[in-house]
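Spelled out from the first residue to the last, the chains are:
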Amino acid sequence: MSSVLQNLVNKPYEHGFVTDIESDTAAKGLSEDTIRMISGKKKEPQWLLDFRLKAYQRWLTMTPPQWPNVKYPPIDFQAISYYSAPKAKKKLASMDEVDPELLKTFEKLGVPMNERAKLAGVAVDVIFDSVSVATTYKAKLAEVGIIFCSISEAVHEHPELIKKYLGSVVPIGDNFYAALNSAVFTDGSFCFIPKGVKCPMDLSTYFRINTEESGQFERTLIIAEDGASVSYLEGCTAPKFDTNQLHAAVVELVALDNADIKYSTVQNWYAGDENGVGGIYNFVTKRGLCKGINSRISWTQVETGSAITWKYPSCILRGENSVGEFYSVALTNHYQQADTGTKMIHLGKNTRSKIVAKGISAGHSNNSYRGLVRIAPSATGARNYSQCDSMLIGDQCGANTFPYIQVSNPGAKVEHEASTSKIGEDQLFYFAQRGIGGEEAVSMIINGFCKDVFQQLPMEFAVEATKLLGVKLEGSVG
Amino acid sequence: MIREDSKTLLEVRGLRATVNGIEILKGMDLTVKSGEVHAIMGPNGSGKSTFAKVLAGHPAYVVTGGTVLFEGKDLFVLAPEARARAGLFLGFQYPIEIPGVANSQFLRLAYNTVQTGRGRDELDPLEFDDFVREKMKLLEMNPDFLDRSVNEGFSGGEKKRNEILQMALLEPRVAILDETDSGLDIDALRIVAGGVNQLANKDNAVVLVTHYQRLLNYIEPDYVHVTEAGRIIKTGPKALALELESRGYDWLSEKPGAEHGAGAAA
Chain E
6 MSSVLQNLVN
16 KPYEHGFVTD
26 IESDTAAKGL
36 SEDTIRMISG
46 KKKEPQWLLD
56 FRLKAYQRWL
66 TMTPPQWPNV
76 KYPPIDFQAI
86 SYYSAPKAKK
96 KLASMDEVDP
106 ELLKTFEKLG
116 VPMNERAKLA
126 GVAVDVIFDS
136 VSVATTYKAK
146 LAEVGIIFCS
156 ISEAVHEHPE
166 LIKKYLGSVV
176 PIGDNFYAAL
186 NSAVFTDGSF
196 CFIPKGVKCP
206 MDLSTYFRIN
216 TEESGQFERT
226 LIIAEDGASV
236 SYLEGCTAPK
246 FDTNQLHAAV
256 VELVALDNAD
266 IKYSTVQNWY
276 AGDENGVGGI
286 YNFVTKRGLC
296 KGINSRISWT
306 QVETGSAITW
316 KYPSCILRGE
326 NSVGEFYSVA
336 LTNHYQQADT
346 GTKMIHLGKN
356 TRSKIVAKGI
366 SAGHSNNSYR
376 GLVRIAPSAT
386 GARNYSQCDS
396 MLIGDQCGAN
406 TFPYIQVSNP
416 GAKVEHEAST
426 SKIGEDQLFY
436 FAQRGIGGEE
446 AVSMIINGFC
456 KDVFQQLPME
466 FAVEATKLLG
476 VKLEGSVG
Chain C
3 MIREDSKTLL
13 EVRGLRATVN
23 GIEILKGMDL
33 TVKSGEVHAI
43 MGPNGSGKST
53 FAKVLAGHPA
63 YVVTGGTVLF
73 EGKDLFVLAP
83 EARARAGLFL
93 GFQYPIEIPG
103 VANSQFLRLA
113 YNTVQTGRGR
123 DELDPLEFDD
133 FVREKMKLLE
143 MNPDFLDRSV
153 NEGFSGGEKK
163 RNEILQMALL
173 EPRVAILDET
183 DSGLDIDALR
193 IVAGGVNQLA
203 NKDNAVVLVT
213 HYQRLLNYIE
223 PDYVHVTEAG
233 RIIKTGPKAL
243 ALELESRGYD
253 WLSEKPGAEH
263 GAGAAA
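Protein chains in written order, with my numbering: chain E, 6 to 483; chain C, 3 to 268.
Note that these hints are calculated values from the structure, not bench results.
Cβ coordinates follow ideal geometry from the N, Cα and C atoms, glycine included.
Just so you know, not all the hints are guaranteed correct.
[Claimed, not checked] Under 10 Å between C-beta atoms, here's a sample of chain E residues computed to sit facing chain C:
#1 SER383
#2 ASP394
#3 ASN405
#4 THR406
#5 TYR409
#6 ALA423
#7 GLY429
#8 ASP431
#9 LEU433
#10 GLU445
#11 MET449
#12 ILE450
#13 ASN452
#14 ASP457
Work the whole structure out from these sequences, hints included.
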């Protein structure tokens with residue numbers, strides 16, 4: 006690999022700092038007592054404690070998945086702290102009351118919350134180490150009947166909705182990490198769009214792991230009733246630590262008749278250093294249920310961080326004519342590993358799905374696309390189109406594609422296209438011969454490669470994503 | 003055209019270069035002056051394309067000997083992009099495809115980078131659009147070229163036209179066109195050659211690397227050079243190309259020693 010390329014891909018992580026806020030962190034280890042403690046701290050009702058304990062019992066019987074194309078030493082689940090909350094407990098009525106340290110953190114991230122919330126018209130439900138400390142625009146959303154709050158709050162204020170939908174898309178025993186999350190989740194976002202309401206603004210949550218070695222187990226639940234629509238943005242950055250941190254979130258989406266949910270993620274957890282030391286283990290279960298007719302769920306993700314990513318945002322297309330979409334950019338560098346993709350489960354008639362996955366590997370990283378398209382016997386007229394493209398930067402990295410296609414209905418139409426390309430000397434030489442230096446050339450090539458995905462992102466996120474890839478791949482040339 | 007008031011733009015002396023440890027260029031000599039058109043011909047593997055790539059700074063090649071002066075300055079101290087900004091242009095034999103990058107975006111970045119390098123003003127997207135459309139007329143290019151990804155899905159002829167369009171935009175002092183005629187049908191050849199002829203003027207120079215005489219029916223060279231085994235073994239006027247076409251290269255290589263040194267005559 007040329008020295009130009011090596012320099013380009015080695016730009017250090019810019020979000021590596023620890024915010025000095027006093028934390029209330031539980032002792033390490035997991036047992037029924039830990040779960041009772043979490044539930045007790047959050048003053049949860051008995052049914053939720055039962056939900057957690059049942060999940061915990063299931064989890065005890067399960068083993069971590071071995072099939073992903075990633076390597077890591079066994080995780081000691083007793084060495085993790087399962088609860089961490091900032092100690093400033095008083096109720097915050099306005100942004101002015103937010104801890105200045107926290108605001109400074111957002112300044113460093115380049116996301117001044119005030120401006121982002123007020124100027125950009127985005128309601129930010131800030132998750133800061135497990136507990137929601139500020140919710141904006143809530144009143145405005147409430148006017149049209151939208152509920153947007155932390156999931157802890159929703160447990161108390163809308164128990165009937167939580168009871169009905171929690172675990173309805175991702176069952177407690179779905180997989181090892183989903184079971185763990187169901188047992189110990191600390192907070193997350195809840196969003197409910199009532200019948201016929203188009204959410205007037207993009208809803209946004211910033212997740213951030215702050216306390217060293219505190220596992221972060223978010224739980225997100227979004228429900229769009231008949232004819233409702235919402236666009237939800239999730240962005241992640243994390244401070245730099247040398248010990249690995251586990252992040253095992255669960256996201257559930259439910260779309261009823263004619264409902265539309267668009268879920269966009271930019272993920273930039275700490276990826277470890279250039280020698281593969283440290284970084285987040287991002288083991289996430291995201292799934293959407295297109296329950297109603299003509300419903301649509303669209304996942305867009307830009308995955309640039311984490312030491313290991315294990316994530317398959319999926320759609321269960323149950324309603325007739327429902328549509329599932331998955332647009333993904335996964336970038337790995339240094340010793341990062343990603344095994345990510347989607348599942349499109351076609352159950353209803355005339356259901357359609359589209360998959361556009363772009364993997365970029367640099368350094369010594371390993372990047373796998375894994376996707377399942379299943380057409381059930383009932384899914385007459387189902388259609389799928391999948392496109393999986395890999396790009397390699399340098400010659401020490403790996404790219405793999407594992408497409409699984411199971412078709413049980415003869416009338417279905419499934420298309421799969423895949424390509425692998427390489428940013429090589431010849432491509433950079435072509436740019437150089439037109440006066441364009443290596444850094445600009447790589448940036449242009451990568452952004453061109455990812456264009457089909459970026460144009461699915463809301464405007465401000467598209468800008469952020471372009472910037473992020475820049476941070477990851479650009480640097481001083483020389 | 004050979005002129006008395008011309009300036010020396012490119013001066014190559016004893017150039018040697020290797021790729022993967024194998025010596026390809028074994029002492030190339032060439033002098034190119036403003037206003038001139040040169041043709042470099044020769045059998046496959048004789049070093050023609052390598053010569054073009056070495057001058058432009060392709061990283062796969064290692065210069066092991068000789069000197070190259072570009073407008074009197076050492077070319078090899080410049081990075082490839084700096085050579086381009088200084089006015090050395092290579093028309094590629096196989097222009098590379100860049101999926102997802104709009105041609106207009108690429109052309110504008112190239113143009114503005116080179117302009118900035120020469121201390122001139124950049125053009126904004128609207129100004130550039132007018133400018134590039136004017137240049138495209140020269141090559142009878144459809145404006146939809148601008149919206150397509152760079153070279154992606156282009157036919158052979160379209161790729162070559164796109165190369166000459168870049169030459170038109172970047173206004174090089176020395177344009178080396180590497181087998182620009184290969185893969186062109188007769189109409190495309192006429193258009194591409196017509197473009198080159200319009201761009202050639204008294205202040206710049208064109209070096210055509212080609213296998214075939216037919217290109218030279220459209221672009222008339224002042225000098226024809228014949229390469230073999232990494233050296234220029236003969237230099238002559240345009241008539242030499244016609245002779246090569248009827249006699250092949252063998253009659254030259256039978257007595258290579260007799261022609262040594264003649265390459266510098268240009």
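Hints versus structure:
Checking SER383 of chain E against chain C by beta carbon gives a least distance of about 38 Å; that is not within 10 Å, so the hint is violated. The restraint placing ASP394 of chain E at the interface with chain C holds, with a minimum CB-CB distance near 8 Å, inside the 10 Å limit. This hint is violated: ASN405 of chain E has a C-beta 20 Å from the nearest C-beta of chain C, more than the 10 Å allowed. Hint status for THR406 of chain E: violated, given a least beta-carbon distance of 17 Å to chain C, over 10 Å.
Among the interface hints, the one on TYR409 of chain E is violated; its C-beta lies about 26 Å from the nearest C-beta in chain C, farther than the 10 Å criterion. Given hint, ALA423 of chain E at the interface with chain C, is violated; its Cβ is 14 Å from that chain's nearest Cβ, farther than 10 Å. Hint status for GLY429 of chain E: holds, given a least beta-carbon distance of 9 Å to chain C, under 10 Å. The interface hint given for ASP431 of chain E holds, since its Cβ lies 6 Å from the closest Cβ of chain C, which is under the 10 Å cut-off.
Using the Cβ-Cβ criterion of 10 Å, the hint placing LEU433 of chain E at the interface with chain C is satisfied: the shortest such distance is roughly 8 Å. Among the interface hints, the one on GLU445 of chain E holds; its C-beta lies about 7 Å from the nearest C-beta in chain C, closer than the 10 Å criterion. With 10 Å as the threshold, the beta carbon of MET449 of chain E comes within range of chain C, its nearest partner Cβ sitting at about 6 Å, so the hint holds. Because the beta carbon of ILE450 of chain E sits about 6 Å from the nearest beta carbon in chain C, less than 10 Å, this interface hint is met.
Here the hint on ASN452 of chain E is kept, as its CB sits about 7 Å from the closest CB of chain C, short of 10 Å. For ASP457 of chain E, the suggested interface contact is upheld, since its CB lies about 8 Å from the closest CB of chain C, less than 10 Å.
Violated hints, listed in ascending order, are 1, 3, 4, 5 and 6; each of the other numbered hints is respected by the structure.
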